[in-house]
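Starting from the structure of chain A, add chain B where the hints point.
There are 2 protein chains.
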Amino acid sequence: MIRHTVVFRLKHAAGSPEEAAFLSGAKALANIPGVQAFEQLRQVSPKNEYAFGFSMEFADEAAYRVYNDHPEHVAFVRDRWIPEVAAFMEIDYVPLG
Amino acid sequence: MIRHTVVFRLKHAAGSPEEAAFLSGAKALANIPGVQAFEQLRQVSPKNEYAFGFSMEFADEAAYRVYNDHPEHVAFVRDRWIPEVAAFMEIDYVPLG
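The listed protein sequences correspond, in order, to chains A and B.
Going by my numbering, the first sequence opens with residue 224, and the numbers climb by one from there.
Going by my numbering, the second sequence opens with residue 224, and the numbers climb by one from there.
One or more hints might be untrue.
Same chains, same names: a pair is fine if it fits in one copy or spans any two.
[Claimed, not checked] With a Cα cut of at most 25 Å, we get these calculated SDA-like pairs of lysine to any residue:
hint, residue 1, residue 2
1, Lys270, Asp292
2, Lys234, Lys270
3, Lys270, Val289
4, Lys234, Glu284
5, Lys234, Gln259
6, Lys270, Leu246
7, Lys270, Val308
8, Lys270, Glu313
9, Lys234, Ala285
10, Lys234, Gly257
11, Lys234, Pro256
12, Lys234, Ala282
13, Lys234, Glu313
14, Lys234, Ala286
15, Lys270, Ala286
16, Lys234, Tyr287
No lab work stands behind these hints, which were simulated from the structure alone.
Chain A on its own, in the form it takes in the complex:
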């Protein structure tokens, strides 16, 4: 199992229709083959600058690559992520030991 997470903040104002539209549109990522345990999260620690997170799991690295290269993911990154996200960090986890 590999857990792909990204913590981010948007260019949109908090609570704006644009923010809601981005989050709603991103739900489609859950339907890309191989995506498991898809979560949309609110980041609540005051110790970093981010407001949201997405988390998803893949069976293995190959499944993660299929997602990464999938046309729906590529289009989402191009059409929504790059224009609308102000800052982000990707963190990928595998079980330890």
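Chain B only, in chain A's frame:
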């Protein structure tokens, strides 16, 4: 539910006995009251500087505070975390919507 996560790297060399001892010692955090779904994780994305992550869940903010103030957690931070961790970032999530 609130999910408390911290992504970090150690001062110790990768694969060293000191690294193993830190990770082994940190498993005791799972026994502090209120801690659920405790995970020790390896961070594998090349897009950040961190090597490990811990993740745990609490029923609510009050349970998170009990953990944070618990003497075992306070002692772990003082005796292990501060001396042995080179860099870290805390990320806390709650379900969105």
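Taking the hints in turn, this is what the structure says about them:
When the C-alpha separation of Lys270 and Asp292 is checked against a cutoff of 25 Å, the pair qualifies only between copies, where the shortest distance is 17 Å, while the shortest distance within a copy is 33 Å. For the homomeric pair Lys234 and Lys270, the shortest alpha-carbon distances inside one copy (19 Å) and between copies (21 Å) are both at most 25 Å. Taking CA atoms no more than 25 Å apart as the test, Lys270 paired with Val289 passes between copies only; the shortest distance there is 19 Å, against 34 Å inside one copy. Neither within a single protomer nor between protomers do Lys234 and Glu284 lie at most 25 Å apart by alpha-carbon distance, with minima of 31 Å and 28 Å respectively.
Within a single copy, Lys234 and Gln259 get their C-alpha atoms no closer than 28 Å, and across copies no closer than 34 Å, so neither meets the 25 Å cut-off. Taking the shortest Cα distances, Lys270 and Leu246 sit within 25 Å of each other both inside one copy (23 Å) and across copies (23 Å). Proximity of Lys270 and Val308 under a CA criterion of 25 Å is satisfied in both settings, with 19 Å inside one chain copy and 17 Å between copies. In this homomeric assembly, Lys270 and Glu313 come within 25 Å of each other (Cα to Cα) both inside a single copy, at 17 Å, and across copies, at 7 Å.
Taking the shortest alpha-carbon separations for Lys234 and Ala285, neither the intra-copy value of 32 Å nor the inter-copy value of 32 Å comes in at or below 25 Å. Taking CA atoms no more than 25 Å apart as the test, Lys234 paired with Gly257 passes in neither setting, with 29 Å inside one copy and 36 Å between copies. For a Cα distance limit of 25 Å, the shortest separation of Lys234 from Pro256 qualifies neither inside one copy, at 29 Å, nor across copies, at 39 Å. Neither within a single protomer nor between protomers do Lys234 and Ala282 lie at most 25 Å apart by alpha-carbon distance, with minima of 32 Å and 31 Å respectively.
Proximity of Lys234 and Glu313 under a CA criterion of 25 Å is satisfied in both settings, with 18 Å inside one chain copy and 22 Å between copies. In this assembly of identical chains, Lys234 and Ala286 lie within 25 Å of each other by CA distance neither inside one copy nor across copies; the values are 30 Å within and 33 Å between. In this assembly of identical chains, the alpha carbons of Lys270 and Ala286 lie at most 25 Å apart only when taken from different copies (19 Å versus 33 Å within one copy). Taking the shortest alpha-carbon separations for Lys234 and Tyr287, neither the intra-copy value of 27 Å nor the inter-copy value of 30 Å comes in at or below 25 Å.
Going down the numbered hints, you'll see the structure goes against 4, 5, 9, 10, 11, 12, 14 and 16, while the others check out.
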